[in-house]
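Colleague: Chains as they are written, first to last, in my numbering: chain A, 1 to 366; chain B, 1 to 301.
No wet-lab data here; the hints were simulated from the structure. Hints may contain errors.
[Said to hold, decoys possible] Chain B residues, not near chain A, derived (Cβ > 10 Å throughout):
| hint | residue |
| --- | --- |
| 1 | Ile112 |
| 2 | Ser157 |
| 3 | Phe171 |
| 4 | Leu214 |
[Claimed, not checked] A short, non-exhaustive set of chain B residues, derived as facing chain A with CB atoms under 8 Å:
| hint | residue |
| --- | --- |
| 5 | Ala93 |
| 6 | Ile102 |
| 7 | Gly109 |
| 8 | Val113 |
| 9 | Thr116 |
| 10 | Arg120 |
| 11 | Ala124 |
| 12 | Leu168 |
| 13 | Gln223 |
| 14 | Thr225 |
| 15 | Leu228 |
| 16 | Ile263 |
[What the hints assert, rightly or not] The following label-pair restraints were derived from C-beta to C-beta distances:
| hint | chain 1 | residue 1 | chain 2 | residue 2 | range |
| --- | --- | --- | --- | --- | --- |
| 17 | A | Phe180 | B | Ile68 | 41 to 49 Å |
| 18 | A | Phe331 | B | Thr146 | 41 to 49 Å |
| 19 | A | Ser81 | B | Ser178 | 28 to 36 Å |
| 20 | B | Met86 | A | Pro276 | 34 to 42 Å |
In this text the structure is predicted, and so the values were computed from the model without any measurement. Backbone N, C-alpha and C fix where the C-beta goes; we use that ideal spot for every residue, glycine too.
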Amino acid sequence: MSSGTVIIIAGILVAVACSLLGAFLVLRKMSMMADAISHAILPGLVAGFFFANGPNLLAGFLGAALAALLTVSLVEAIQKSGRVANDSAIGIVFPAMFALGTALVSRFFANVHLDADAILYGNIEFSAQDTLLINGLNLGPQSFWVMGTLLLINLLFVTLFYKELKIATFDPGLATTLGFSPQVIHYGLMAVVSLTAVGAFTAVGAVLTVALMIVPAATAYLLTHNLKVMMGLAAAVGALSAIFGYYMAVVIDTSIAGSITTIAGLLFGLALVFSPTQGILARTIQLQRQRLYFATETLVIHLHTHENTAIAENESRIDHLTKELRWKPDFAQRIVQNALQKEYVVRVNGHLALTEAGRTFAEQEN
Amino acid sequence: MIELLRDLIFDYTLRNVALGSALLGIVSGALGTFAVLRRQGLLGDALAHAALPGICLAFMITGEKTPILLMLGAAVTGWLGTLTLMYIIRHTALDEDAALGIVLSVFFGFGIVLLTLLQRSGNANQAGLDKYLFGQAATLVAENVTTMAILGTLALSVVIILYKEFKLITFDPSFAASIGFGASWVSVLLTFLIVIAIVIGLQTVGVVLMAAMLIGPAAAARQWTNRLDHMIMLSAAFGALSGVGGALVSISESGLPTGPMIILVLTLFVILSFTFGSARGLFWEWLHNRNRTLTPPPEVV
Chain A
1 MSSGTVIIIA GILVAVACSL LGAFLVLRKM SMMADAISHA ILPGLVAGFF
51 FANGPNLLAG FLGAALAALL TVSLVEAIQK SGRVANDSAI GIVFPAMFAL
101 GTALVSRFFA NVHLDADAIL YGNIEFSAQD TLLINGLNLG PQSFWVMGTL
151 LLINLLFVTL FYKELKIATF DPGLATTLGF SPQVIHYGLM AVVSLTAVGA
201 FTAVGAVLTV ALMIVPAATA YLLTHNLKVM MGLAAAVGAL SAIFGYYMAV
251 VIDTSIAGSI TTIAGLLFGL ALVFSPTQGI LARTIQLQRQ RLYFATETLV
301 IHLHTHENTA IAENESRIDH LTKELRWKPD FAQRIVQNAL QKEYVVRVNG
351 HLALTEAGRT FAEQEN
Chain B
1 MIELLRDLIF DYTLRNVALG SALLGIVSGA LGTFAVLRRQ GLLGDALAHA
51 ALPGICLAFM ITGEKTPILL MLGAAVTGWL GTLTLMYIIR HTALDEDAAL
101 GIVLSVFFGF GIVLLTLLQR SGNANQAGLD KYLFGQAATL VAENVTTMAI
151 LGTLALSVVI ILYKEFKLIT FDPSFAASIG FGASWVSVLL TFLIVIAIVI
201 GLQTVGVVLM AAMLIGPAAA ARQWTNRLDH MIMLSAAFGA LSGVGGALVS
251 ISESGLPTGP MIILVLTLFV ILSFTFGSAR GLFWEWLHNR NRTLTPPPEV
301 V
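In isolation and in its complexed conformation, chain A is listed as follows (with noise of 0.2 Å):
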């Protein structure tokens, strides 16, 4: 297997993980508590190897697990303490580890296996370098093994415990009524979020893995409002970040975590401008038709409020309507052409007058 395709699957393994786990998070208002979690597994991934006198995997991943717990209990002690407000707890406490992480690595760790520019781009492209031996067995990318692992893990959490997640993210009432809590589902969460971010911690580095479990999910969202087919979107949304964000790291040699990320905010724009219930096109489309429809009830209101009074012919002249209702001429032009067309009004000597269907329209509307 050439590099490569080593870089790419692994890639396309850690983003899927990562999305999948996204779509709860982004559903759950807690983007920011995954980012918190992404950036303090640091000092614990540090102290896990510092212990196991090397890039021990499981000593890591333990420590950083542990720092995860830490986080997030430190986070809703704090908030719970009603000291300072939500955003500013996670403000506190994770920089505050990160900073720890970064110095312990400088210090100790400089050039080793994992130095400062490790810690934030992460080292995908060594990926087809590191092999899994077991016993003087070849048994392949080490990273397959890792993020494959992962990806089962939270396959499997978000398959068994579909129905629960749902529940406990749409109507937490509803689940403690069914008699489970949804605090247990919440730190089952947190718990597979601080797993998958200690995989993709050395994938892709603390502020991508981040980029990987909202940008996808969050691009999903602006597609669908249907779970199941969120999580799939978000998951191809990953998987094509991936491909695209390697390719486009060989093509103008730069960093392949940082392509990903680039190619994954791309996509999002994409979504965030053709989206068809929430897109900037489909609003500014659908802004226009409603312009358009009051402003031909306007008029066709107006017409009927004059007609059969003594005003009646003066007030159906289009040049008076600029006035009357301080529309602009071509504007006038406009609305009065679309409603000859729905045939509401009709022109008679110089000035509208209202059709059958016009009177039905303003009288409804009125």
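On the provided structure of chain A, position chain B as indicated by the hints.
Modeller: Relative to chain A, chain B alone:
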């Protein structure tokens, strides 16, 4: 100690470092007060991360590392990040948290792409741009400090002039809107000042941890007082002390990036304040509760 004081005044590098980090601490401490009280602390996080591509783009366009140009680039993309954030929150089903996560990670990822491009371009002049990730106080020279001082004075002057307005939109935005002054305009200005505070600190603290310099000092100051003016001054003091303390530790030990050191010193202030803060300290509350349980009210006895 005496020697350190003498060096602080007479040693060129040390004086710049101390002045620069004190300045950034004062400005981010003062403006962070409003950010924290308005629950916009994490907005600073997104802004600071969004500054990275701006720094790289400014260098790519001009080919120079003039501080004011890099700061301008940082402010432009930081502002762009804020606009994106506001758009996502207002016009989509996504909540503020998701919007923050998206803006900070995507802008930062793009920044990493640009930074790596520059590093592999072979342009020797780009060396040092990566110091903007975790900050390096030792790179502060007199020119930086002057720029920081001018921007900082401007930002603080605006806070003093518009103190009443800022106070009103912080505590009662709907009342501010109802008495008819441009609450949204004041709010935009306040956000813009926060961008300036971040930009001032980027070289010393770095984009990754800069947000903590907005949140930490203000959160610590909040535990000592219930008055806004006192809180701003205390917060500025905590910011300045952490800035100078962290910067001095960082340049005395070679290889330690400055940002993490400043944040660790700041965390000490935060822990002390949460425990012993005279207005809301947890220790006093614990003591109070303990005394209450130890001496039951007389009618029970």
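Colleague: Quick one: which hint numbers does this structure break? Sort them smallest to largest.
Modeller: 1, 4, 11, 12, 14, 15, 17, 18 and 20
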